[in-house]
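The UniProt record's numbering puts the first residue of the sequence shown at 1, with every later residue one more than the last.
Read the hints as simulated data drawn from the structure, not as lab findings.
Watch out, some of these pointers could steer you wrong.
Claimed, not checked - Below, simulated SDA-like cross-link-like pairs (lysine to any residue); rule was C-alpha separation at most 25 Å, straight line:
1. K18 <-> D35
2. K18 <-> R29
3. K64 <-> E44
4. K72 <-> S13
5. K72 <-> T59
6. K72 <-> R29
7. K72 <-> E51
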Amino acid sequence: MMEQQAETQATMSQDQLKILTDMVQQLLRERELTDLTVYPELIEALPSIEEDFFRTPLTEEERKIAIHSCPKT
Numbered sequence: 001m002m003e004q005q006a007e008t009q010a011t012m013s014q015d016q017l018k019i020l021t022d023m024v025q026q027l028l029r030e031r032e033l034t035d036l037t038v039y040p041e042l043i044e045a046l047p048s049i050e051e052d053f054f055r056t057p058l059t060e061e062e063r064k065i066a067i068h069s070c071p072k073t
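Hey, can you work out the whole structure from these sequences and the hints?
Next comes the structure, spelled out in structure tokens:
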């Protein structure tokens, strides 16, 4: 009985995940990208802001530090 209930919940969660994933993908297709202008003062204070940090891969060491710096709970 409990196994069947757990399986049903897992299936529902997978279905919900697929629905949410589809919704996010649809939103990303509909919304055009916005190119923001950064003020020179901000670039001086934070030069890395001009990097495309979403596309900048982390080194293995940086990745480990980032993962292990997050709380587990």
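Status of the hints after comparison with the structure:
{"no.": "1", "hint": "K18 <-> D35", "result": "violated, 30 Å"}
{"no.": "2", "hint": "K18 <-> R29", "result": "holds, 16 Å"}
{"no.": "3", "hint": "K64 <-> E44", "result": "violated, 29 Å"}
{"no.": "4", "hint": "K72 <-> S13", "result": "holds, 22 Å"}
{"no.": "5", "hint": "K72 <-> T59", "result": "holds, 22 Å"}
{"no.": "6", "hint": "K72 <-> R29", "result": "violated, 33 Å"}
{"no.": "7", "hint": "K72 <-> E51", "result": "violated, 29 Å"}
Going through the hint list in order, the structure does not satisfy hints 1, 3, 6, 7.
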